Structures are given as C-alpha cells and as structure tokens.
Amino acid sequence: MASVRLEGVVKRFGRTIALRGIDLEIRDGESMVLLGPSGCGKTTTLRVIAGLERPDEGRVYFDDRDVTDLPPRSRNVSMVFQSYALWPHMKVYDNIAFPLKVRRLPESEIRKRVRWAAELMEIEGLLDRYPHQLSGGQRQRVAVARAIVVEPEVLLMDEPLSNLDAILRVKMRSEIKKLQRKLGVTMVYVTHDQVEAMVIGDRIAVMNNGRIMQVGTPSQIYKEPANTFVATFIGSPQMNILEGFVDDGKLVVAGSELLGVEAEARGRVLVGFRPERVLIGVFDGLVLEGVVDFVESLGSLTIIHVALDSGSKIVVSISGEADVEQGSRIRLTVPRDAIHLFDPESGSAITHGV
Amino acid sequence: MAPAGREWVKPALLMAPAILYLTIFIVYPIIDTIIIAFFPEGRFSTESLEYLLYSPLSKFWDAIKFTLILAALVVPIETVLALIATLVLLQPFKGRDTAVYILSIPIAISDVAAGLIWYSMLTSKGFVNKVLIELGVIDSPIYFFGYEFRDRALLAIVLAEVWRSMAIVFIIIFAGAQLIHRELFEAADVFGASFWVKLRHILLPMIKPSIQAALIIRTLFAFQVFAVVWILAGRDIPVLAGEAYYNLVEIHRFDVAALYALIIAILSMTTGFLYLRMLRARHLEV
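Those protein sequences? They're chains A and B, same order as listed. One point on numbering: in this note's numbering, the residue at position 185 of the first sequence is 185, and numbering is uninterrupted. One point on numbering: in this note's numbering, the residue at position 164 of the second sequence is 164, and numbering is uninterrupted.
Okay, chain A solo, but in the shape it has when bound (with noise of 0.2 Å):
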C-alpha cells in the first residue's frame, strides 16, 4: 500500500491543455474519487499515476518516491479499464495469471493466488472460459480481479461501470466499495456518475477543465461546495442560483429580502440552495413566493418546479408526495443554514449558511 502525491502536474497534447497544474495527494488505503464531466482531464490524471501518460511539468510520488519517470510496470500498479481490456486470446484463468506469471512466482503460487481472486469476485466457474463466452458483468468481476491478484500498492479504475446497465452498476458500485475496504488499498476512482462518487469514494477531487475544483468527503463536497461548478455539479437536481445583493446584513433575492445576514460578502453576490432544502410554506429563512410551472411525481420524490414572482424560475423537491397543483400560487422557505452564497466574480463560495 502506498500513498500518492501529485504536485503541479501539467499535461498537454498538441495545443490542448488536459491538465493546469494538478496537486492532489491520495492517502494511503483511501478510496479516491476523480469525478468530473468528459474531457475533465480525470481519465488523464489516473493516466498519469499509472504511468501511461508523462507528465509535461510536475511530479508525481508514491510515498516518497519520485516515479515520474518510471514506467508503469516498475511503480506496482493494477488498472482496470474502462474496456476492461481482457485478452481475447486467452482464458480467463489465463488473463488473471498472466501479471503474476510476468512477475515469474512460482506455479503453485499463480494458482493459489488466482483462486483466491476469483473466489473473492465470484467468478471460480468461469476461469475456462474466453471473454468473448462472457457477459459484460461478468468481464468486468475478471477484470477487477485480474487488478487485484497482484496486491498492488495503488489500484487505478478509470470508469469501470460505464458500460454495465443500470441494475449491475448500483450492485457492482457498493461491491467496489467493500471489496476496497476489504482489501485496505489505496484506490483512485474515476467516474462522471456523481452518485457513484459519493458511494465509492472517502474523499472526492472534483475536476474540471483541466483542474481540480475542490477536494472533500463525499459530505463536504455536498454540503460546503467551494464554488458554483462543484455546487452545481453535485446533487440531483441541480443547485438554484439566483442573483442577489447583501447590503448591511440585508440579503435581497428574487423580491424577497432576510434580515441579519452575518456574512462578510458586500454587494452582488450570487445565492445557492440545493431543491431538497426548500419549505413549502413561511417558516423562518428566505421565504419565496410564485407559481407552480410544473409537477413531476416520481413516487418517492415529488420536483416542483416554480416560476417567482421576480421572473427566476426554481427547482423544489420534496420527499413523498407532495399536494401541490399546476398553476397554483405557492409560497416556499429556505432556511438559513441552507442558504450559500459566492462570489459573482469568480464563483468562489464567500459562505455556507447565513
């Protein structure tokens, strides 16, 4: 096991910049998530790591070593690719042993240590068989196993699940997560799927456009989001941002205004709150009024959508269902501590909760 620390990686392909200056350090046995939208610079990151990739600039360590310029087959490393990238030519017993045959262990040894790996992935009835006699969950147990007969100090997954339906990936996405802890290896994870993220990962580094947008646990990410991007990109639906202006403890958004705002933000600000922490009805906090535009009953969820009376329109969700009709006046409350502002500028969140 083994952490891995990457300082101020740069990455370029021709005139594209994939990444601006990457600092990120994994724990050791932590599960780490790169999540972002495609084209993010994550998959390059973990590229990165693996060693497929030569940084521009920056370096990056494995503990206190310096691996930059080691190939992927000196820094003990195990991927499983988005592919799955199994050899189509040999068994699967064969694909899983094949690291440990590089590695020339004894006979008896390869065969004990596969057998172990797919008992653990639940494959031992398969290992005769050539991919292409799989289904698609099943090639990805072999290739997760394959990544972990090795004990690698650091076990790389670049979207691993994006080609499961969506029954598998909810079943496959909390196995990953035991099988990590199990294992106690130090994982980095990359995903687009934000809920993914939040099951898998002990900490997430949100990314986009080349840099890391914040790092945090799944709960930080969510509740204190360090700018507009992560705040919007996280949670489902979307974070409402409204523009607002803060003057002497008076916050005024959307026609409506609160008092004793204790923030130290002046003037224009921009004001987020996440659907699910929207009141129907006056209670204390930003209290919000328009009309009901549209109703989406999901059984479990009731979303709301309104139209202000300022002209904005919002998203609500409530748990349960919810006794709301189309084109009816309502009234809706954000409390306080739901209630982030940033700064219009830069995005930058100035606080959480006023």
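Hints listed in this document are in silico derivations from the structure and should not be mistaken for laboratory results. Since the structure is predicted, the reported quantities are computational estimates derived from the model, not experimental observations. Mixed in with the good hints, there may be bad ones.
Here are the simulated DMTMM-like cross-link-like pairs (lysine to aspartate or glutamate), alpha carbons at most 20 Å apart as the crow flies [said to hold, decoys possible]:
#1 K208(B) with D94(A)
#2 K91(A) with E186(B)
#3 K178(A) with E122(A)
#4 K250(A) with D337(A)
#5 K313(A) with E296(A)
#6 K171(A) with D128(A)
#7 K59(B) with E47(B)
#8 K178(A) with E153(A)
#9 K91(A) with D56(A)
#10 K171(A) with E122(A)
#11 K178(A) with D56(A)
#12 K182(A) with D193(A)
#13 K250(A) with E296(A)
#14 K178(A) with E119(A)
#15 K125(B) with E148(B)
#16 K101(A) with E186(B)
#17 K91(A) with E53(A)
#18 K223(A) with E153(A)
#19 K94(B) with E53(A)
#20 K223(A) with D343(A)
#21 K198(B) with D337(A)
#22 K91(A) with E183(B)
#23 K101(A) with D189(B)
#24 K94(B) with D56(A)
#25 K198(B) with D284(A)
#26 K59(B) with D255(B)
#27 K65(B) with D151(B)
For each label pair, taking beta carbons as the anchor points, the in silico distance ranges come out as [to be verified]:
#28 I84(B) with T16(A): 28 to 34 Å
#29 T16(A) with Y21(B): 50 to 56 Å
#30 V10(A) with G126(B): 53 to 59 Å
Each residue gets a CB set at the ideal place from its N, CA and C atoms; glycine is no exception.
Could you slot chain B onto chain A? The hints should help.
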C-alpha cells in the same frame, strides 16, 4: 417457416450465385485443363507427364526447386520485415502516415514494372553499379545477370520480389494490428509486461489471423511467381509458371503447359489447407 421438405430451397437459392461462379471460373477450367493435359486427342495419354519428367528439354525438377526456394526465401523474409515495420509504425511519431504510405506504394506497381525497375537498377551500367563505382567501392561493375551468375540473379529476384510483395503483407498485418484496442497493450504495460512479453503473448497471438491471411495469399502467389523471374533471369532460373508460359507460348506444348498449371493448382491448394489447419485462432471459434 417453409412447409416441411422445402427447407432446402432458400439456402440453395442463396448459395446458387457463389456455386455458379465457382463452377464457371474454377471447376470448369480445372476439368478443361485436365482434359488438355491427359486427353490431347480425345484419348487418355500420359505423354505430357513423360515429357515433363524424362525429356532432356524439360526443366521440371529445376522449376520445382527454384519455385520452392524462392517461396521459402521471399515469404519468410517479407513477413518478418512486415512485422518489424508494423511494430515500428504502431508507435505514434511524426511522419508515420507518410511512412505507411511509402511502404504501401509497391502494391500499385505491376510485377512486370517491378522486374524492369530492378533490372535497370542492377544491370552492369545501372544505378547500383554506377553509385558503387563513383564511391570507389568497386572498380568494375558487379554482374547480376547471365547464366554464369545465376546465384546473383537469384539474389536479385529475391530482392525484387520482397520489395514488390512486402507491401501487401505489411498492409494486411498492419491493418489487423491497428484493430487491436489500445487498452489491451496498456493493460500489458500496467501489469508488468516487457517489450518481448508484449510481442510474444499479446501482439503476435492477436494478429495471428492477419498473419495467416497474409501467408496464405503470399505463399499461393509465390508459387505463381513469373514476371520478375522472367525479366531478370529468363529460363536461366526456371520456375513453374515460367515453364507453363514457355511451353504454351514458345513451343506450343499445350498439354505440358496444362500439366504445369495443374501442378501449381495442387501445390497451392495443399498449402492453403495446411495453413488453415496450422494457424487456427481458437479463441475466435464459438
């Protein structure tokens, strides 16, 4: 579903065009060739065979020998060269596409033209000799052609044939290699494989079907080698197809020419069959 007893109609109809084609262009010519070779005047006769084997004018055994020697030299050499070229050109570098293009040019050059190009290069006043003399490497030209220089002519033929036909082998293998998902090699990198392990255990097994296709095509064509040999060495180095041409066009022994054609056909079919048996890619079978 067709009524019972009629299930054969549809498959038969679907296969009919292919069968018709094979009958007209393969089966009929083969039967006709057999007739020309063994029934010259409507009666069975082994005269052509006797001429082929025993006539002092026949160069049959030499033709067999040189055809096999050429195939045994040219095909392995060009396959190894094409594999090396594939390995180099799988790496991304500047000018790679140009290199692929240049390597593929000989495909577009006819074998007669290829023979003439190499003839003019290697003749006593040709490009190669001129350069070597200018550079002071040699004083008098090296002769490649003529009966007393048969070994050198053979070398020239091998050179010309390798140059001419490596392109098709390269294209087939390179195309096959490019179809392999990049992550399959990266997985090998990550899991600790060296260059040789990757070559031996990942790349070669995966391009085996391409190598097989290239070998079949090239060996079969190697048994029909003709124009380059004919231009560079004439009958000094006899080959099967050359002898067929000589008997047909120069001395009008149609029966002997037909017999040569049959021998080439049998040789080709046997080799094709053996390749298919030996190089089967088991993981592709369901």
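Here is what the structure says about each hint:
1. K208(B) with D94(A): holds, 18 Å
2. K91(A) with E186(B): With Cα atoms ~19 Å apart, K91(A) and E186(B) stay inside 20 Å; holds.
3. K178(A) with E122(A): holds, 14 Å
4. K250(A) with D337(A): holds, 15 Å
5. K313(A) with E296(A): The hint holds at about 15 Å.
6. K171(A) with D128(A): violated, 25 Å
7. K59(B) with E47(B): Distance ~16 Å between K59(B) and E47(B) Cα, so the pair holds.
8. K178(A) with E153(A): holds, 17 Å
9. K91(A) with D56(A): Given pair K91(A), D56(A) is violated - Cα atoms ~38 Å apart, limit 20 Å.
10. K171(A) with E122(A): holds, 14 Å
11. K178(A) with D56(A): Judged against 20 Å, a Cα distance of about 36 Å means the pair is violated.
12. K182(A) with D193(A): violated, 23 Å
13. K250(A) with E296(A): violated, 34 Å
14. K178(A) with E119(A): holds, 15 Å
15. K125(B) with E148(B): holds, 18 Å
16. K101(A) with E186(B): This hinted pair holds, its Cα atoms lying about 17 Å apart.
17. K91(A) with E53(A): violated, 29 Å
18. K223(A) with E153(A): violated, 32 Å
19. K94(B) with E53(A): holds, 18 Å
20. K223(A) with D343(A): holds, 17 Å
21. K198(B) with D337(A): violated, 58 Å
22. K91(A) with E183(B): holds, 18 Å
23. K101(A) with D189(B): Roughly 14 Å separates the two Cα atoms, so the pair holds.
24. K94(B) with D56(A): Judged against 20 Å, a Cα distance of about 18 Å means the pair holds.
25. K198(B) with D284(A): violated, 67 Å
26. K59(B) with D255(B): Cα-Cα ~15 Å, so holds.
27. K65(B) with D151(B): Roughly 14 Å separates the two Cα atoms, so the pair holds.
28. I84(B) with T16(A): 28 to 34 Å: Taking Cβ atoms as reference, I84(B) and T16(A) lie about 33 Å apart, which means the hint holds.
29. T16(A) with Y21(B): 50 to 56 Å: Since the Cβ atoms of T16(A) and Y21(B) sit about 52 Å apart, the hinted range of 50 to 56 Å holds.
30. V10(A) with G126(B): 53 to 59 Å: holds, 55 Å
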